[in-house]
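First to last, the protein sequences are chains A and B.
So the first sequence is numbered by my numbering: it starts at 851 and just counts up by one.
So the second sequence is numbered by my numbering: it starts at 36 and just counts up by one.
One or more hints might be untrue.
[Claimed, not checked] Computed list of lysine-lysine pairs in BS3-like fashion (alpha-carbon distance at most 27 Å, straight line):
(1) A:K1004 to B:K226
(2) B:K327 to A:K1004
(3) A:K1075 to B:K226
(4) A:K1004 to A:K938
(5) B:K327 to A:K938
(6) A:K938 to B:K93
(7) B:K226 to A:K852
(8) A:K1004 to B:K240
[Unchecked claim] Derived coverage of chain A by chain B (criterion: at least 3 residues anywhere in the stretch with Cβ under 8 Å from a Cβ of chain B; other residues may be distant):
(9) 876 to 882
(10) 917 to 930
If you're looking for bench data, these hints aren't it; they were derived computationally from the structure.
Positions of the beta carbon are idealized from the N, C-alpha and C atoms, including for glycine.
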Amino acid sequence: MKRIQWLASYPKSGNTWLRAFLANLLSDPSHPVDINRLDFAPVAAARSLFDHAVGYEAADLTFDEVDRLRPEVYAHYARQAEDTIYLKVHDAYAHLPDGRPLIPADVTRGVIYVIRNPLDVCVSWAYHSGHENFDRAAAFMADPGACVAGNPGKCFPQLRQRLKSWSEHVLGWMASGLPVLGIRYEDMHRRPMETFAAVAAFVGKGDDPERIARAVRFSDFGEMKRQEREHGFCEREAGTRTFFREGRIGGWRERLTEAQAMRIIRDHGDVMRRFGYLTSTGEAVY
Amino acid sequence: MMIDQANPVQTTFLHQAFGLQIASCLPLPAFLESDGDQCDVTIRYGAAPEELPEAVWKGVRFQAAPGRLLLIVDDVARYLVRDGREIVIDRAPGATDDDVRLFLQGSAFGALLQQRGLLALHASAIAVGEGAVVFMGPSGIGKSTLATAFHQRGYTVLTDDVCVVDFDAGGAPVVVPAYPQLKLWRDALEKLELDPSALSRIRPKLEKRALPVREAFRTTPRPLRRLYMLDRSNEPEIHLTSLQGSDKFLAIQAFTYRVQFLEALARKVDHFRQAGALAAACPVVRVSRPAKPYLLDELVARLEDDFAA
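Chain A with its partners taken away, still in its complex shape (with noise of 0.2 Å):
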């Protein structure tokens, strides 16, 4: 029953470069993964994967009743499946009303999460976002309420996630009490061979360090981006110009303003020093 491998991660932190190592490892082709085809870790919070299991629409019921049945429809999943499965979730680790993990440990065989600085988490996240305006990704990110496809009169592709804050969403995984694998963007960028060998090792699949190798080759930034150039990238927000944008440690300093910075280090200064993203007297690192 423990099946579920999950990847979880606040937005636009590397998770999808992270899929895009994992898709390149489990299946060792001879050329890249197509990053259009990364679906071998559908999100969690797609609406057709409940409705499936469910049997009626998610878009019949409100949210609240949609998240009472997602830790069934996770258990569901792992009941069926012969193999691991990877399942890539944005929501943060909580608990339902009723005291329920929304993500059900019985059924997870572990979790890989990855933080990454939330000085340019803001950056990205207000491209991704399409408005491009940091003082609004700053406070999204800051919101213990903060959610994504949260709108009641619309229906998303995605059911309704909750991310709480940049801060609790950290913790919140790394104190979830599952097997967890924390691992930080700016380590896939700077030690990547260490960082994705020990995924590689987590997921059981650590025995090769030439197929890991290739992995890394296979899914590093630049062929990310050299693929969206060439074929697009199905997970682009519409309205945003590309996915793959710079993909590189410490943008922040060219875009935010120093307030903008500040607020960030104020917000979330204590995880942050905790995950080495500020020195003890409170310089960024990155």
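Dock chain B against chain A, hints included.
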């Protein structure tokens, strides 16, 4: 209205929808009334079990066996659908009529249609000339919005969400009209410049409203001219692409209404045959439109050009 002889406590309302004559304990104002004495389907209140012991397939809130489907909607009702002829509703305390009707007219009827051996698509449909065209696609893609836009331009809506496709004596596919009502989200109503406050909610707690479209509605089946598969993309333009070969079949398969019920109903083989016959008889066109903005007027114009051709 007539009094149910076997159970005089239950009042019976006579309706028609999906080509069926229905006697129901619950009034179904979205369906047409019927005065016929023939009855294909009975809907009554009664006890439905919590489990279906003979179930060969279980979802999260449905259990199915050949000729049987149990649907469980927490705090609304349990629905037992039998042999394509009967739906037993076991109401939860506190559920409103609207709550009970919504899942009855959706999944419970979906199961009933399958038990009757009918092919039902997750689709809206409109009348075009003497024929019909069908818009299939996933929830939220804009099937109802598009059908409403056509209605505003004078077309007759044949169905909103569940589209029954039957085959006439010569084996040609026909659309069996369902009932004249559309369901629209608040954002769709805004796009269509319709006033939400003039329309009733389909469920008290949902921002989705019912738009009656009774004008010119007829229950006569119409030849199916073309199937459109609605899709959206992050591209800025609308694209129409004719599907070929097995892609046609796969699209019909993917947008079969409640396809997850079929396995247990022992209907898989029949469904394959029907989907195959439909794919062979009818063009299937993939319609990709930008996720933002919707380009509704342009989409309607492109489709009008396409089905006029």
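Going down the list of hints, with the structure as the test:
| no. | hint | verdict |
| --- | --- | --- |
| 1 | A:K1004 to B:K226 | holds (12 Å) |
| 2 | B:K327 to A:K1004 | holds (13 Å) |
| 3 | A:K1075 to B:K226 | violated (35 Å) |
| 4 | A:K1004 to A:K938 | holds (23 Å) |
| 5 | B:K327 to A:K938 | holds (24 Å) |
| 6 | A:K938 to B:K93 | holds (25 Å) |
| 7 | B:K226 to A:K852 | violated (45 Å) |
| 8 | A:K1004 to B:K240 | holds (14 Å) |
| 9 | 876 to 882 | violated (count 0) |
| 10 | 917 to 930 | holds (count 5) |
Hint check: violations occur at hints 3, 7, 9; the rest are consistent with the structure.
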